[in-house]
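Construct the entire structure; sequences and hints are all you get.
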Amino acid sequence: MSNDEWVPGPFGLDAARGTTVPGQRTVLAVVHHLTAGTRLAEVLPLLESDRRIQVVYTAAPSSHFTGGLADYLHRLGGLTVPWSQAIRTPFDLAVAASNGRLESLHAPVLTLPHGSGPGKLYPRIEGAGPAAPRPVTGVLRDRLVVGGRVVPSAYVLPHERHLRLLERDCPEALPVAVVGGDPCFDRLVESRWRRAAYRRAFGVGRGRRLVLVTSTWGAHSLFGRHPDVLFRVAAQLSREEYAVVAALHPGIWTISGRRQVTRWHTDCLRHGVRLLPPEEGWRAALIAADHVIGDHGSVTYYGAALGVPVALGAFAEDDVEPGSHISRLGAIAPRIDWDAPLSPQLRASTGCFGEDVHAALRTELTSVPGRAAQILRREMYRLMRLAEPDHPARLEPVPLPYCVSRDGLRAA
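Sequential numbering of the sequence shown, starting at 8, is according to the working numbering.
One thing to keep in mind: the hints can contain errors.
[Claimed, not checked] Using C-beta positions, here's what the derived DEER-type ranges look like:
(1) I132 x G361: 37 to 43 Å
(2) S91 x R277: 43 to 49 Å
(3) H81 x P351: 45 to 51 Å
(4) D149 x R270: 34 to 40 Å
Because the hints were derived from the structure by calculation, they are not lab data. None of the values given here were measured: they were computed from a predicted structure. Just so you know, even glycine gets a beta-carbon here, dropped at the ideal spot from N, CA and C.
What follows is the structure, encoded as structure tokens:
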């Protein structure tokens, strides 16, 4: 799509032209990168079934990880407008799962996290100047306050303790803060009854254990520290006893490209490792998994909170906010010794996680378990000044997974 193209639709000055179902409100979904897009795809169905509402998508040009975003929005099937049009059109609400450039919009803005909540420190850039304290990602003052004005009208945080973090780093945003829980985790919990179906989709029969290998992005991630991690896991674990599924952070895919990432893992795919696409599949894999090998990324934490034993193949303590939920996981979970046999370490990791430990990790994730859909929908309709529908707010179940082929395409 050309940046100068103007997309017609049921919004703006020409809203009535060509419209079949006249709406009462228009909502702009602002997608900063693929990770944020997948979070919005969880939340926006709370609005999209309402015939009074038209949802429009746009890609915000403020992230380093915009690769593949246009293709993702195309596959999503929503009405998409270029950013140049989005910032020149009034909307009744804008929803984003990241920050950046939102002050350019003509709409009240609701923001929510695209991961498990603030817990990682912003990467330190290279340079000649002295090092300085790093802010927590998701609570960046220069994104929340622009030109003497707090940008979001509703700033959704998963846990009450994040209010203290906000008070420390950006107290001006406290009046718009909403403790709204974690829609992704609520969705995982509500989809656990489909575990057997997910395991069948991964080809895991009785007697086999499913290992999910997951990595966030960056040089200090599991994949950054051990680029051959999938080969190591596949080589050490018996295919008769274990099935291996891999979920790599969308940032890895968007920087290097789908074809390149899958080509790096050709040998692993030939040996039975199933590689999930960046958009979907990791949620189903978490529910189906018997073990998680991960790092300091959100997927690893979701697994531990869901009740899956976790072993850390890498953990970047210097990139994690002290006292955060992620740092607590780092203090509990055992570390993988890559020079020792892997299978005994996975079996031993189970003993590190009793139900009381999993429960404690869950309480660190959300202050309002099971209520994210209700709170998020209430806030969005409040900002639109529109009455909520009569039916209860519910998140959609986690879909059946699919994997990718050696060309980065959907496997048959």
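Going through the numbered hints above, which ones does this structure break? Give me the numbers in ascending order. none
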